[in-house]
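Here the protein sequences come in this chain order: A and B. Take the first sequence: its position 6, counted from the start at 1, is 5 in numbering that gives the first Met the number 0, and no numbers get skipped. Take the second sequence: its position 17, counted from the start at 1, is 16 in numbering that gives the first Met the number 0, and no numbers get skipped.
Careful, some of the hints might be misleading.
[Unchecked claim] What the simulated footprint calls covered on chain A by chain B, stretch by stretch (three residues with Cβ under 8 Å from a Cβ of chain B suffice, anywhere in the stretch; the number is not a length): (1) 194 to 202; (2) 299 to 312; (3) 353 to 363.
[What the hints assert, rightly or not] Anything over 10 Å on all C-beta distances counts as not near chain A; from chain B, calculated: (4) Glu85; (5) Leu131; (6) Asn275; (7) Met327.
[As the list claims (entries may be wrong)] Simulated DEER-style distance windows between Cβ atoms: (8) Gly66/B / Thr198/A: 43 to 49 Å; (9) Tyr90/B / Pro23/A: 45 to 51 Å; (10) Gly66/B / Phe313/A: 49 to 55 Å.
No lab work stands behind these hints: they were computed from the structure. Each residue gets a CB set at the ideal place from its N, CA and C atoms; glycine is no exception.
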Amino acid sequence: MNDALTTGEIGSAMTSGSATAAQPTVFDSIQSWLVTVDHKKLGLMYIMYGLVFLLVGGMEATLIRIQLAVPDNHFLSPQVFNQMFTMHGTTMVFLVGMPIIFGFANYLVPLIIGARDLAFPRLNAFGLWLSVFGGLLLYFSFVGAPGMAGAGGAPDVGWFAYAPLTGKAFSKGHSTDYWILGTMIGGFGSIAAAANIITTILCMRCPGMTLRKMPLLAWLNLVMCGMVLLCVSPLTAAQIMLLLDRFVGSHFFDTQAGGSAALWMHFFWIFGHPEVYILIIPAFAFASEIIPVFSRKAIFGYPVMVGATVAIAFVSMSVWAHHMFTVGMTSTGNTFFVVSTMMVGIPTGIKIFNWLGTMWGGKLRFATPMIFSIAFLFQFLIAGLTGIMLACAPWDWQLNDSYFLVAHFHYTLAGALVFMIFAAIYYWFPKATGRLLSERLGKWHFWLFAIGFHVTFDTMHIPGILGMPRRVYTYQAGRGWDLLNLICTIGVAFQAIATLILVVNIIWSLRKGRPAGNDPWDAWTLEWAATSPPREYNFAEIPTVRSRRPLWDLKHPGDPDWKYE
Amino acid sequence: MKSRVLLPIYSLVALRFTQGSVWSAEKADPALVPNIFAPESTPAHAIFDLAVFVLAITGAIFVVVTGLLLYAVIRFRRRADDDGVEPAQVYGSGPIEAAWTIVPVLIVIVLTLATARVVHELQDARKPAGALDVQVIGRQWWWEVRYPKLGIVTANELHVPISQGSERSPTFLDLRSADVVHSFWVPRLAGKLDLVPNKVNSMWIEPERPGLFLGQCGTYCGTQHALMLLRVYAETPRDFARWVAQQKKLAEEDPSAAAGRLVFERTACVNCHAVNGTVGDGRFGPDLTHLMSRATLASGAVPNSPEALRAWIKSPDQFKPGVLMPAMNLNDADLDNLVAYLTTLK
Numbered sequence: 000m001n002d003a004l005t006t007g008e009i010g011s012a013m014t015s016g017s018a019t020a021a022q023p024t025v026f027d028s029i030q031s032w033l034v035t036v037d038h039k040k041l042g043l044m045y046i047m048y049g050l051v052f053l054l055v056g057g058m059e060a061t062l063i064r065i066q067l068a069v070p071d072n073h074f075l076s077p078q079v080f081n082q083m084f085t086m087h088g089t090t091m092v093f094l095v096g097m098p099i100i101f102g103f104a105n106y107l108v109p110l111i112i113g114a115r116d117l118a119f120p121r122l123n124a125f126g127l128w129l130s131v132f133g134g135l136l137l138y139f140s141f142v143g144a145p146g147m148a149g150a151g152g153a154p155d156v157g158w159f160a161y162a163p164l165t166g167k168a169f170s171k172g173h174s175t176d177y178w179i180l181g182t183m184i185g186g187f188g189s190i191a192a193a194a195n196i197i198t199t200i201l202c203m204r205c206p207g208m209t210l211r212k213m214p215l216l217a218w219l220n221l222v223m224c225g226m227v228l229l230c231v232s233p234l235t236a237a238q239i240m241l242l243l244d245r246f247v248g249s250h251f252f253d254t255q256a257g258g259s260a261a262l263w264m265h266f267f268w269i270f271g272h273p274e275v276y277i278l279i280i281p282a283f284a285f286a287s288e289i290i291p292v293f294s295r296k297a298i299f300g301y302p303v304m305v306g307a308t309v310a311i312a313f314v315s316m317s318v319w320a321h322h323m324f325t326v327g328m329t330s331t332g333n334t335f336f337v338v339s340t341m342m343v344g345i346p347t348g349i350k351i352f353n354w355l356g357t358m359w360g361g362k363l364r365f366a367t368p369m370i371f372s373i374a375f376l377f378q379f380l381i382a383g384l385t386g387i388m389l390a391c392a393p394w395d396w397q398l399n400d401s402y403f404l405v406a407h408f409h410y411t412l413a414g415a416l417v418f419m420i421f422a423a424i425y426y427w428f429p430k431a432t433g434r435l436l437s438e439r440l441g442k443w444h445f446w447l448f449a450i451g452f453h454v455t456f457d458t459m460h461i462p463g464i465l466g467m468p469r470r471v472y473t474y475q476a477g478r479g480w481d482l483l484n485l486i487c488t489i490g491v492a493f494q495a496i497a498t499l500i501l502v503v504n505i506i507w508s509l510r511k512g513r514p515a516g517n518d519p520w521d522a523w524t525l526e527w528a529a530t531s532p533p534r535e536y537n538f539a540e541i542p543t544v545r546s547r548r549p550l551w552d553l554k555h556p557g558d559p560d561w562k563y564e
Numbered sequence: 000m001k002s003r004v005l006l007p008i009y010s011l012v013a014l015r016f017t018q019g020s021v022w023s024a025e026k027a028d029p030a031l032v033p034n035i036f037a038p039e040s041t042p043a044h045a046i047f048d049l050a051v052f053v054l055a056i057t058g059a060i061f062v063v064v065t066g067l068l069l070y071a072v073i074r075f076r077r078r079a080d081d082d083g084v085e086p087a088q089v090y091g092s093g094p095i096e097a098a099w100t101i102v103p104v105l106i107v108i109v110l111t112l113a114t115a116r117v118v119h120e121l122q123d124a125r126k127p128a129g130a131l132d133v134q135v136i137g138r139q140w141w142w143e144v145r146y147p148k149l150g151i152v153t154a155n156e157l158h159v160p161i162s163q164g165s166e167r168s169p170t171f172l173d174l175r176s177a178d179v180v181h182s183f184w185v186p187r188l189a190g191k192l193d194l195v196p197n198k199v200n201s202m203w204i205e206p207e208r209p210g211l212f213l214g215q216c217g218t219y220c221g222t223q224h225a226l227m228l229l230r231v232y233a234e235t236p237r238d239f240a241r242w243v244a245q246q247k248k249l250a251e252e253d254p255s256a257a258a259g260r261l262v263f264e265r266t267a268c269v270n271c272h273a274v275n276g277t278v279g280d281g282r283f284g285p286d287l288t289h290l291m292s293r294a295t296l297a298s299g300a301v302p303n304s305p306e307a308l309r310a311w312i313k314s315p316d317q318f319k320p321g322v323l324m325p326a327m328n329l330n331d332a333d334l335d336n337l338v339a340y341l342t343t344l345k
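Bound conformation, chain B alone (with noise of 0.2 Å):
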């Protein structure tokens, strides 16, 4: 145990103050960083926005009263040459507390209304006519991603286009549940929601530049809470056009590959997983026709590529200790022509 805590922290401890990096010693990719006071969404502004002027009002309260209470805790100590009597005995003052019964009154009426009114301006904004709509399922411990007026299955990643100027492209989201409670949270794009089994939930991003924001789920939901990660990738239009055409697309047919596939059809694998044009239609698990445009494995525990792809089948724990997924057990030749077929599915 020693080893493994303390050796970590006492080299991050020097690599960090060697580095002077407020952040990370990783180098945190500022744009990566889910950066709440930094947002590139309507909803997102508007909670930014509000956030600033409600940080401004308890600041100012905060200044008043730390000052009045560093001000009694200085002026009113017990002095060294003091006369042992006791100070006068003040037992209330109607006035006095008026007023500061008052204006706490005051100050909550004003951060009550600036907060309704941003409550309504997201809660309830008309859905444009360009808006794109996505369902999200919320499922241990990944996002199935459905486009369904564009037939698109995906996991773990969201692509939308972006609103620019006046052409508004705001994609609207409903949120499910195929199991448990959990929450779809991707901050500089808006405010989290929950997704709630056996209801649906609807919320909006709207971002104004190109560009990947990271997010994950947001409420407990089980062993692997803490790897339910989420991609969702702003593109420009023609971006996003460009992705729905391939993503719409059959997975292609790679004669050298037929070996994998077979291993595909018949093992477990399609019990829980999709290809599309395959006897595979499981959907426990995600859909995999386009597994290799998908930039991790696993909701994010992992970078996608061949390598880690094989790792992944043959013991999925190693990545994801609790995830539902079993360790396949197939020997090497399956697990290497399975492999090969997979990396074909672009």
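Looking at chain A on its own, in the form it has when it is part of the complex (with noise of 0.2 Å):
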């Protein structure tokens, strides 16, 4: 590849870039998009892709809630509505988590280790396409796709897709196959990416940048993209076997011919339950970025966070089957999974005392970002505990498949990753675009947000505990469910407003936003000494780098990093 640029070919990349930029036409700038291998078009292209979807997984999500908001409500039809939480589930995992977290790394990790771009440039574009093919190929099928009991359209299976519902025998017509191919192109091209993200940080380190001093985020994606390797390849091959059971009679799943359908939930969770590590590590990786800019802080115990991390993917490895504790394990394989899911409790805390360690004594800064990361902080921390719970396997046995469990994953998946995805986008959208977001749009995004989220998600804990049991269509009155549900349709329309608040500003801010400049937040790592947007090829001149935090070096000579590391 050519990452041995000579300071000439800078210099007439440069000329040939402005010549075009000159007089684009629109047919030049979409074709520079189409056919870009930059790491930063790459990125923003996949966050641009995660986003929209966030916007239809919301739309789906809205739905449901109207849907659940009284009882015996015929707003949907029970085929349709499991199409959309299958839909609603599977966008939010594949379409929405995994391009915006890959987008964020794609962007952000060459510029933190101070590369010019990922190592195979090529095939991160390939990755990319592949995403967006799978998710194109997804969504296809509301239109070309006959699916259960005579329903049009989109898969209805669930997002976890169990066996043997997935068997020709009961999911006739094509909605399910558009949802393994869907899911599974898009499974490739984050292997491709993960790959990539692997061999970057590893061989391209600026100089100076050892392990030991590399940013955390950068650790962070690198473990991030070890699972993904390790954890997505058993989703692709369950896939390609179900595959072989709908089209060429294969009996791996097929229960009627001794099929089995607990190797089908093994094979989902051992992808399943890493994954939502593998989404919630960047969102880690976020915090510990923004947090101690915000709190003017080095990141407190860098060795014990790195440790931590790892320590969980690790640990997330041999968790799975605590989603299966109802599926009639023996004790003794019941009690293993507890005592593995419980471990994981142990780094998870660590990470949460050391944010707050680096909060400790410092002088904090509300800016968007950092409400967003404080909000992070609390709601990981319920969802935690309310982990703990789930992991002790009789509790599990009465809130597994409830709602109290749909609170919890929406704890971590909204609560925690969303909201550090927001954080994300407030703290480096200056860098992508040289323009600051809204402060004020921002502040009204975080508080509707943040207050749609607890009246939705907090009551949502209450139904469950009730009894009610998720992926219902509709539940008859008297149970106790009615107001309990209508509350947390109530919430949506917060949540909905919020993120309506967000497109308004970026577009906002895109052309009348507050010039950033390079360095708007005073921080420390190696992007914000490029430009705001970068270059093409990110830095002029390859930095060298002595501390994790090259530019309070920088900043205070006097009184530099690298003496204390």
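Join these two chains into a complex; the hints should help.
Following this line, the structure appears as structure tokens:
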């Protein structure tokens, strides 16, 4: 690849770049995005792709909540409702979470380690377009695939697609095939991106940046990508087996011919549980960059933070069957997964304490990225504690697949991941565009979203405790669930308005936002040494670093970090 | 869409706030709310006790950590008169980090031991001599219930005796599935356990007082997962014996319903449904021998009555869209006769 550009080549690239920029037609600018191999453009496209599907998935959630607002509602038919929660779950994990975390990794990792691009720029573009193709294929099912029970359209087997419901006998038509192929192709894209980022971090760090001096964002993305390589593959394998079942009559999951339903569950959750850590570790990464900068302190306990992340990754590979406490494992099997699941709580707790330790004694600035991060800390704490409850197998026999569980994992994926994605957008938007997002709209966005989130998801724990299972398209009056469901639905309105404010903020700030300069937050990592937006080659000269916070060293030559690390 | 969705919302909001009722405008009978915190059976009690213990510990953690977070946010906010000097840089502290590693380790050990004890107590319980055996078979979207030693086959309702004093009579359930994965969940009696095809799972319940306990399928199983409801009647030993005796009887011959029986036996009904003592021995749908002894139709979708039964047979989809029972397209006379016959199946 072209990572050994000479200065002359950079110069000529700059001139030719500015020549086309002088008179770009619409076609030119579209083409420049379509054919780009630049990690920043690809990263932004990943993020945009994820944000568009965030709106789509949000609309699906809204339809679900409208249907459940009152008992015995006929707003959606059961077939459509089942499609909505299947598509909502699949969309939020595969078409929102994964693209956005890969988008940020794409954009930030080369900048933060002082590299000019990812190791394999073309592979990077290939990965993005595979993911996009997978997403579009999945959504094509709305027009392309008759589903079960005569329902036209989208998959309706749940995002976990339990066998044998996905078998030919129970899922006729091709909706399930679209689900398999769409998510499988997106998975190929993820594997490509992960391999690329791992290679980049291991091989292309700037001089002086040893692994011990690498910012946490890079460390956590390295761990995340390692997990992607290990755990997306089992899902892909299982999906190929399912395709064989459906198309050539094999019997892996065909229970009527002696296949195994539990086999699919093991395959799915050995992907599915690490997957939630894959999604949450980048949220940790954002928090580990944002909280120090807005507390004006170095991250507390860097080596422990790295160790805890690796420990989470390691342990989380052996907890998958806590999704299967109700499947009928032996008491020994159940106890093993109780122990392993509880163990994840230890490094996670350490992380929360270290973020608190970072804030302790600092001078906290409550800019929008920071308030989203503080809310993340609070919500992630609660998500962790309800996670402990669910790890107690006997209690899980009650709570599993109830609305309590739905509330719990929305606390992790919305309350933690989505809040940190918002924080990251506010934090790095000025770097990517050269303009700051409006703080005023940002505060509105935060408060409306936080209120809506808590109205919906705090309330949602209770119907679960009152015995309401998830994935039901309706419920009868008189179970004590009515008012609670109505409150959950009302909270959605706040979240929808808040998200709209974010969209307005992005569009407005792109044109009128305050110019950011290179380093609007007075931050310390290398991406803030580049221009905003960074040039195609990131750094005119590859920097040399001596500590984890090179810009701190630069700003405080009398008291640099490398004396203490 | 507007009127269908928003109107009920408005009216319900108004209704609820004027009533000031926390749970429901429909006056949910607390006894029928399947609340996991209102246990009525030995396994549910054991889980409840564990839950209270775990809640106490996690509640304490919540208070401490949230307190620290709040304190940090208030105490360490940047003041208006800030001097612009960066605060002291602290890179970590071995002893402090060791402390907040060791404390969670201890908590996890305690929680794990408490949990393992309950797992063992519930999963490895010995079946006492007086236990009742019941088979529950999950089907899309209803429950087949069999009492192998008593020769009873019924659907969507489980009748079990209560344990009184030292005389324990728990019910041991064999869970199986005829099609996809389902889950047996009656929250006030026990945690849920899946019904997995090609696998026999076993759990037990032991209610302590007579009553009706509601439950439903806990794992998504297809279009009508939502209306796969389940009722468990816990009865005194005497009432239970009476129910058993009644269920063991053959279907009664009522000459006035002979025409309806002919309809039943000559249409496709018999392919899926059984009535003891007739040619009908289908097993795809619920056994109808004592149909009218059950409180609901279609696995709880609608209360059982001759009118509902007629409407159901005419068009099952109206109560349960996507249900596997087809509309039978009978003419009105046949339909009336059939319903008249079915209502004799007490």
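Checked hints:
With 0 residues bearing a CB less than 8 Å from a CB of chain B, the stretch 194 to 202 of chain A misses the requirement of three and the coverage assertion fails. Only when three residues or more bring their CB closer than 8 Å to a CB of chain B does the claim for the stretch 299 to 312 of chain A stand; here the count is 5, and the claim holds. Proximity of the stretch 353 to 363 of chain A to chain B, defined as three or more residues with a beta carbon under 8 Å from a beta carbon of that chain, is established by the 9 residues found. The non-interface label for Glu85/B is inconsistent with chain A: the shortest C-beta to C-beta separation is roughly 5 Å, within 10 Å.
Consistency note on Leu131/B: stated as away from chain A, and its beta-carbon is indeed over 10 Å from all of that chain's, at 20 Å minimum. No beta-carbon of chain A is positioned within 10 Å of the beta-carbon of Asn275/B; the least distance is around 28 Å. At roughly 18 Å, the least C-beta separation between Met327/B and chain A is larger than 10 Å, which holds for a residue marked as non-interface. Roughly 44 Å separates the CB atoms of Gly66/B and Thr198/A, a value that falls within the hinted 43 to 49 Å.
At roughly 47 Å, the beta carbons of Tyr90/B and Pro23/A sit within the given window of 45 to 51 Å. Between Gly66/B and Phe313/A the beta carbon distance is about 31 Å. The supplied range of 49 to 55 Å is therefore violated.
Comparing the model with each numbered hint stated earlier shows that hints 1, 4, 10 do not hold.
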